[in-house]
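> Here's the letter readout for the chains.
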Amino acid sequence: MNNDDALREEITRLQTENEGLRRKLARKTEYIRSKVDCMLGIMGTLPLRPEELDDDTLVDLDPIGIVADSFAQVLSHLHETNAKLEIAYEQTAAIFDAAGIGIVVFDDRMRILSFNKQLKEYFFPLLDDDSVIGSQCRDRICSGNEPADGCLCLKVRESGATVGARNIQYHGRTYDIVFTPVRDQAGAITRCLGVFHDISHQKRGEEALRLSEERYRDLFEHANDLIQSVSPDGRFIYTNRSWRETLGYSEEEVSNLHIFDIIDPSCHSHCAELFTEVMSGRKLDHLEVTFVAKDGRRIVVEGSVNCNLEDGLPVATRSIFRDVTERKAAEEALATEKEQLAVTLRSIGDGVITTDTGGRIVLMNKIAEDLTGWGQEEACGEPLERILNIFNGKTGKARSNPAEEVLRTGRTVVKASHTVLIARDGSKRIIADSCAPISNRESSIIGMVLVFRDITEQEALKANLQRAEKLESLGILAGGIAHDFNNMLTGILGNISIAKMCATGDSRVRERLEEAEKAALRTRDLTQQLLTFAKGGAPVKKTSSIAEILTDLSNFALRGSNVGCCFDIPDDLWPGDIDPGQISQVIHNLVINADQAMPDGGMIHVNAQNKVVTGRDRLPLADGSYIHISIRDTGVGISAEHLPMIFDPYFTTKQRGSGLGLATSYSIVSHHMGCITAESEPGKGTTFHVYLPATPQETVAPPPQAAGHATGSGRILVMDDEPMIREVAGAFLGMLGYDVSFAEHGEEAIALYREALQSGRPFAAVVMDLTIPGGMGGKEAIRRLLEIDPNVKALVSSGYSTDPVMADYRNFGFKGVVLKPYVIGDLSSALQSVISES
Amino acid sequence: MTTITPQVIEFDICGQICPASLLVALREINRHVLKIKEGSIRLLIKTDNRDGTHTIPEAAYNMGLKVEVQKSESCYVITIAKR
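Sequence order for the protein chains is P and X.
According to our numbering, the stretch in the first sequence is residues 1 to 838, in order.
According to our numbering, the stretch in the second sequence is residues 1 to 83, in order.
Read the hints as simulated data drawn from the structure, not as lab findings.
Keep in mind it's a predicted model, so treat the numbers as computed, not measured.
Ideal Cβ positions, reconstructed from N, Cα and C, are used throughout, including at glycine.
Just so you know, not all the hints are guaranteed correct.
Pair by pair, the computed Cβ-Cβ distance ranges are [what the hints assert, rightly or not]:
1. P:HIS171 to X:GLU68: 49 to 55 Å
2. X:GLY15 to P:ASP108: 35 to 41 Å
3. X:GLY15 to P:GLY134: 55 to 61 Å
4. P:ASP56 to X:LEU34: 26 to 32 Å
5. X:GLU68 to P:THR180: 27 to 33 Å
6. P:ASN308 to X:GLU68: 30 to 36 Å
7. X:GLU68 to P:SER280: 32 to 38 Å
8. X:GLY15 to P:ARG183: 41 to 47 Å
9. X:GLY15 to P:ARG27: 53 to 59 Å
10. P:ARG183 to X:GLU68: 26 to 32 Å
11. X:LEU34 to P:HIS171: 24 to 30 Å
12. X:LEU34 to P:ASP108: 41 to 47 Å
13. P:GLY160 to X:GLU68: 40 to 46 Å
14. P:ASP56 to X:GLY15: 34 to 40 Å
When the alpha-carbon atoms are kept at most 27 Å apart in a straight line, the in silico DSSO-like pairs for lysine-lysine are as follows [as the list claims (entries may be wrong)]:
15. P:LYS394 to P:LYS415
16. P:LYS394 to P:LYS684
17. P:LYS462 to P:LYS415
18. P:LYS611 to P:LYS462
19. X:LYS37 to X:LYS82
20. P:LYS84 to X:LYS35
21. X:LYS71 to X:LYS37
22. P:LYS84 to X:LYS71
23. X:LYS37 to P:LYS84
24. P:LYS394 to P:LYS338
25. P:LYS84 to X:LYS82
26. P:LYS397 to P:LYS684
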């Protein structure tokens with residue numbers, strides 16, 4: 001074998017080998033292409049096309065490497081994703097079990113595939129999980145009690161959508177249920193997810209809340225008070241039934257109201273400020289405001305308002321009001337009534353004090369303040385007995401507390417008299433009082449009311465009246481006998497006078513006659529005293545010096561006494577318009593009494609002063625000028641018991657007293673339009689006060705000349721029905737030198753006078769008895785005589801010294817007066833005076 | 001928190017069709033995949049092959065990357081970035 005052959009052989013071999021290698025390469029390339037295509041298929045793309053990459057480029061490009069690298073990346077990503085899925089699964093499983101809701105997964109035939117712990121607890125807590133898996137949902141869950149509108153699983157399958165049902169009751173629990181379809185990648189519903197939310201607790205809470213709200217709503221709606229809630233913009237959020245009924249709005253109308261729509265315009269400004277303050281958090285506990293109802297009625301309410309704040313911002317007001325319109329009206333009426341009562345109470349002329357049940361003063365009116373001297377404010381709360389200091393005026397003992405008796409017995413107590421009230425300043429007043437319990441509607445005693453009246457003046461007037469009545473009755477008696485008595489005394493005295501003149505020889509006879517005359521004169525004085533306070537005992541007044549009477553009479557009365565007298569009489573003491581004789585009698589009586597009150601001696605203080613009396617002096621006198629005389633001794637005094645009776649006739653504590661002295665003095669002063677009072681303290685002395693009318697403008701006339709037993713001449717006509725008087729008068733006149741004629745009555749006297757006048761031998765004077773029983777008396781006779789002879793000079797003579805004619809004889813036509821019984825001097829001077837008068 | 005502004009690497013495979021364009025895109029993705037996942041590189045691949053707008057994004061998505069395809073006037077721009 002040659003080289004060529006060998007070469008050819010080698011060439012052939014190599015060609016064969018090349019051919020083999022080419023086929024091998026082609027197969028490998030084909031393999032690569034097929035794998036690449038396979039891998040590209042996995043990658044989701046088209047296979048390589050030969051025209052796209054030739055074999056060399058394919059090898060150079062290394063698509064397997066590229067795809068392998070990409071696969072590596074995909075795998076890596078898948079691993080990461082798997083890991084995340086694992087975690088997610090774990091998390092989901094944890095959530096699945098930890099969820100507070102029950103979750104169950106069913107397959108398309110409604111068999112249970114999985115469930116969480118909560119669902120197991122809800123529906124089958126005692127069963128093994130394996131026994132549940134694969135079981136029908138209706139066997140484990142609804143147990144045939146499907147929702148009213150059908151099985152949710154079926155509805156999911158039918159609708160392909162999520163469905164739900166609320167408030168479904170299973171095994172004593174209430175659930176909200178949601179079923180959701182779970183689809184596969186093809187979109188087919190292969191599973192169904194059920195979620196059970198147990199709302200039992202929530203329902204119970206809601207029910208409790210509803211009940212609570214219902215309770216509160218019931219409470220609010222049935223409250224009688226007006227409850228409202230207002231938003232910060234003034235709109236009503238809530239009003240209760242009472243609010244709406246009171247203001248007359250419906251709920252719908254309220255929703256369109258603003259708070260100021262129901263507030264009275266007069267309160268707007270004030271309420272606007274308050275509303276702002278409330279919105280800022282201020283609480284108003286005692287607000288009073290006037291609402292206006294729909295029909296315009298004004299409704300006064302009071303209540304409280306505050307605001308609910310959240311984070312410092314106002315949410316709504318809370319207001320509760322009470323309709324106090326009626327109460328306010330009642331209060332106003334009560335206040336008005338109270339004011340009226342207070343005004344009435346203060347205007348009442350009597351003192352009024354009210355106390356509580358403890359006897360402590362609650363109220364006093366003005367008069368009570370004046371009488372007690374205590375003001376209402378200071379007396380309020382004080383015990384009654386401290387303010388009302390009273391005692392029995394008769395016994396001098398303290399009086400029991402009227403409040404105690406009334407509050408104890410519950411009965412009205414009336415104390416008519418004898419109660420003396422000592423005011424705060426020590427002044428005393430006689431009061432009449434009555435106490436009555438104050439009861440409330442339940443008839444329980446809540447206090448007492450004391451009404452008392454100052455009856456000091458009334459008592460004084462009453463005493464005066466009683467005294468006057470006594471005097472009047474005595475006067476009637478005295479007056480009744482005075483005429484006859486004085487006529488008889490005139491006869492006795494006249495005859496004694498005549499007998500004395502006749503008994504010139506025997507001095508013993510004359511002495512006896514003088515004694516008899518003295519006794520008769522004392523009898524005349526006694527009669528005169530009786531007549532002084534008899535009816536119509538008018539004093540014969542003239543302007544006189546009281547100072548003179550005081551000094552003269554006092555000194556005279558105290559002659560020979562161990563009692564002295566000091567005077568305090570101003571020089572300018574006004575003269576009095578008095579009957580000097582009667583007033584002398586008064587002063588004499590008072591001084592004698594004072595003297596007798598001091599048996600061991602002492603001093604009488606006689607004072608006099610000018611006094612202008614007004615109503616404020618609380619004296620029983622008309623306003624005007626008076627002379628105030630006081631005669632004070634330091635003697636034994638007069639007991640309180642006797643003091644009110646000292647001016648009574650025949651009342652005396654003296655063994656030898658007649659009981660007429662002070663009674664006469666009282667009568668005299670009274671007839672002078674004055675007054676006499678006495679104050680006394682046993683053991684310390686007595687003071688008499690005498691007020692007599694003064695005549696400041698008048699002067700005292702000089703004292704008249706003393707009348708003498710002057711003789712005369714001419715004819716005198718004596719008219720008297722009493723023979724004894726005619727006889728005595730005739731004897732006196734005869735002695736005095738007159739020529740006397742007699743008449744028994746007026747008719748006869750007139751006839752005699754006319755006859756004498758016509759005969760040219762007229763009477764120089766006529767002495768006429770005032771009273772002729774059964775015939776014409778002096779009063780009528782003088783009227784007739786004056787018709788005959790206007791210049792007739794007539795004397796009126798009577799035992800009725802109290803007859804007005806005797807006091808005011810000139811007005812009746814007489815020229816003079818002579819009181820029976822008279823002595824010759826009385827008649828002489830009276831005749832002289834009349835005859836000498838031109 | 002630090003925000004990295006990724007480097008944008010752009011390459012144009014217009015004129016190539018699938019699967020060649022996919023392989024080229026995968027080669028570039030493989031080359032930069034670590035930095036893309038880090039967020040430091042973002043790839044912008046321009047292609048006019050419509051199939052590529054499906055295959056390239058799907059492959060990149062399966063590799064765990066974020067892909068956005070936008071149509072520009074002359075081609076499609078496929079953005080590959082960190083997911």
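> Which earlier hints can't be squared with this structure?
Those not satisfied are hints 2, 6, 7, 9, 11, 13, 14, 22 and 24.
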